[in-house]
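This is what each chain is made of:
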Amino acid sequence: GNSVTQMEGPVTLSEEAFLTINCTYTATGYPSLFWYVQYPGEGLQLLLKATKADDKGSNKGFEATYRKETTSFHLEKGSVQVSDSAVYFCALKREYGNKLVFGAGTILRVKS
Amino acid sequence: GAVVSQHPSWVICKSGTSVKIECRSLDFQATTMFWYRQFPKQSLMLMATSNEGSKATYEQGVEKDKFLINHASLTLSTLTVTSAHPEDSSFYICSAPGVRVDTEAFFGQGTRLTVV
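Here the protein sequences line up with chains A and B, keeping their order. Per this note's numbering, the first sequence starts with residue 1, numbered consecutively. Per this note's numbering, the second sequence starts with residue 1, numbered consecutively.
Since the hints were made in silico from the structure, they are not lab data. Please read all numbers here as calculations on a predicted model, not as lab measurements. Please note that a few of the clues may not be correct.
What the hints assert, rightly or not - Straight-line distance between alpha carbons at most 16 Å, and here's what the computed EDC-like set of lysine to aspartate or glutamate pairs gives:
1. K41/B with E42/A
2. K99/A with E59/B
3. K20/B with E59/B
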């Protein structure tokens, strides 16, 4: 079946540190891949997406590359800020149908 | 991007009462809405899919009579938690899906339900 596996958190970093949150997926066909961010007490916001192999999604300094050979979509940011503290969800959307399959979420805490 | 508005953002109710949560698509028509439940520090659990003009589709293990879903129009879907109990306390989120495989879903702000 389709599934998404994220690294467990919480991830605690100092401001300006490099961030990587690992995400791997299992899916048939050619899914689209997404990273969503959830700030405390809020719904989810799209952070970035990639719709085909080797695509790189980027937004607000965050990047992720759709790697079909390793079935991965790792999230990276070169220099995190305190305001990046949130929960990050990796998700896939199957080639057919419109449901999202979410990973467990990774809590990121950035200290000043 | 498209906007999904969810109301209320938080609600406290007494055990045994019912609570209605509304989810509106403000600038587009949504024939489908997803309803999720999120426990503290956990991922989103899909509860059901509401379809405009037809019955909702519930995921396995979700009580249909407890969580009533109605999709009365192309811009409004509602979730009613009936006879609420403390174990129903949770964060509920609605979402309108992107219609193509490469389009993202749009989420409401979420509703924090506390049953006392």
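Each hint, compared with the structure:
1. K41/B with E42/A: 13 Å, holds
2. K99/A with E59/B: 12 Å, holds
3. K20/B with E59/B: Not satisfied, since the Cα-Cα distance of roughly 20 Å exceeds 16 Å.
Hint violations for this structure: number 3 only, all remaining hints satisfied.
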